[in-house]
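*Asks:* Got two chains here, separate frames each, mind docking them using the hints?
Single-letter residue listing:
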Amino acid sequence: QQQVKQSPQSLIVQKGGISIINCAYENTAFDYFPWYQQFPGKGPALLIAIRPDVSEKKEGRFTISFNKSAKQFSLHIMDSQPGDSATYFCAASWAGSARQLTFGSGTQLTVLP
Amino acid sequence: DSGVTQTPKHLITATGQRVTLRCSPRSGDLSVYWYQQSLDQGLQFLIQYYNGEERAKGNILERFSAQQFPDLHSELNLSSLELGDSALYFCASSFGQGVDEQYFGPGTRLTVT
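Residue numbers (this note's numbering), protein chains in the order written: chain A, 26 to 138; chain W, 1264 to 1376.
Not one of these hints is a red herring.
Simulated restraints, written as ranges between beta carbons of each label pair:
#: 1; chain 1: A; residue 1: Ile45; chain 2: W; residue 2: Leu1324; range: 33 to 39 Å
#: 2; chain 1: A; residue 1: Gly85; chain 2: W; residue 2: Gly1266; range: 18 to 24 Å
#: 3; chain 1: W; residue 1: Glu1345; chain 2: A; residue 2: Gly41; range: 43 to 49 Å
So the derived list for chain W, only partly shown, Cβ under 10 Å to chain A, looks like this:
#: 4; residue: Ser1265
#: 5; residue: Gln1269
#: 6; residue: Gly1305
#: 7; residue: Ile1310
#: 8; residue: Ala1319
#: 9; residue: Phe1353
#: 10; residue: Cys1354
#: 11; residue: Ser1357
#: 12; residue: Gly1359
#: 13; residue: Gly1361
#: 14; residue: Asp1363
#: 15; residue: Gln1365
#: 16; residue: Phe1367
DSS-like mimics (lysine-lysine), calculated; alpha carbons at most 25 Å apart, straight line:
#: 17; chain 1: W; residue 1: Lys1272; chain 2: A; residue 2: Lys67
#: 18; chain 1: A; residue 1: Lys82; chain 2: A; residue 2: Lys30
#: 19; chain 1: A; residue 1: Lys30; chain 2: A; residue 2: Lys83
#: 20; chain 1: A; residue 1: Lys83; chain 2: A; residue 2: Lys93
#: 21; chain 1: A; residue 1: Lys83; chain 2: A; residue 2: Lys96
#: 22; chain 1: W; residue 1: Lys1320; chain 2: A; residue 2: Lys30
The set of hints was computed from the structure by calculation and includes no laboratory data.
For glycine and all other residues, C-beta sits at the position ideal for the given N, C-alpha and C.
Isolated chain W (complex conformation) (with noise of 0.2 Å):
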């Protein structure tokens, strides 16, 4: 168990719709890091905060938001779905700070019909 927790494990909605995803760090950790893995495109990084600032973008759709709250939980919040966004998506994070290494949370499988 990392200490990063996720809900939901599962989620099944139709295209068009919107979800948030939610996450909570492990305790003492001021970074989050939401990552998508799919089969076509691996694991990849979606954004990062730090402290609630947003701290680095990847590969991170328009329709894709995320913020962090002032008691560091984090929710990704996916709109207008699409079928192509079916899939795992991970919550990281890291103390930050010199500190660079990333815990894994259970992850959030998304299935859109």
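Chain A extracted, bound-state conformation (with noise of 0.2 Å):
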């Protein structure tokens, strides 16, 4: 019940396109979404987040969709550049478990010039 499936593994987009990647959750206590990025060598980075009391979150060209009846939320990346090809990571959690983070399995995505 605490995991969070992560999908595509992979994804290969052109400069300028749209990326999505979606994630879904079966604990209904998680109340907190984050989204990461990881380059190569370095520690995940914090690059999004949100709660359950909205449906969507944009900040600059990544935008959280969450749809709480269904248990999903996904990551769009729009405009895409080749600079954003990176890993990203999905993750929840709750009050009740401290704020660890429950993390989806990653997308590697590639973004073509």
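*Replies:* Here's what the structure looks like:
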């Protein structure tokens, strides 16, 4: 019940295109959903996060869409750039578990020039 | 730069040995989380400390232990090392008390030979 399932495993997008990564969760107690971006040899960097009281959050080219009834959330990267090529992880946490993050399996995004 | 520091960056050691990984949280953060990243298990939560006290345990082996010191830095001790312990170990910090964003350090790459 603690799992967060992420898809696709890998994604190739042309420069200027939209990248979409999806996650689904089972634990309805989760109430915080961050996305992390990780470049090779670096630690995960917090990109954007959402709570279930809103259905969408946008920061620059990055948007999280959240569907509480379906227990799904997704990351949209608009106008994708080669510099966005990285591994993206969705995650979830809840207060009852001391906010430990449960991560998805990651999506390797490649943006072609 | 997240403001979280980890040392050493790389560690190569033999099976059966013991190592200590060190983490300094961002200035002002009270919570420290340890995560393990491996190819087969992905990113997994190990243990969390808040202001010197252990608050949550994840899939942490009995051979592993951690502590948080009065100056809030934390150490993760790994003993009786096995080949399967080879992984990236990340520390993350957050302020806590309802502020849930976790910021990751650059990680320590442990190689057990």
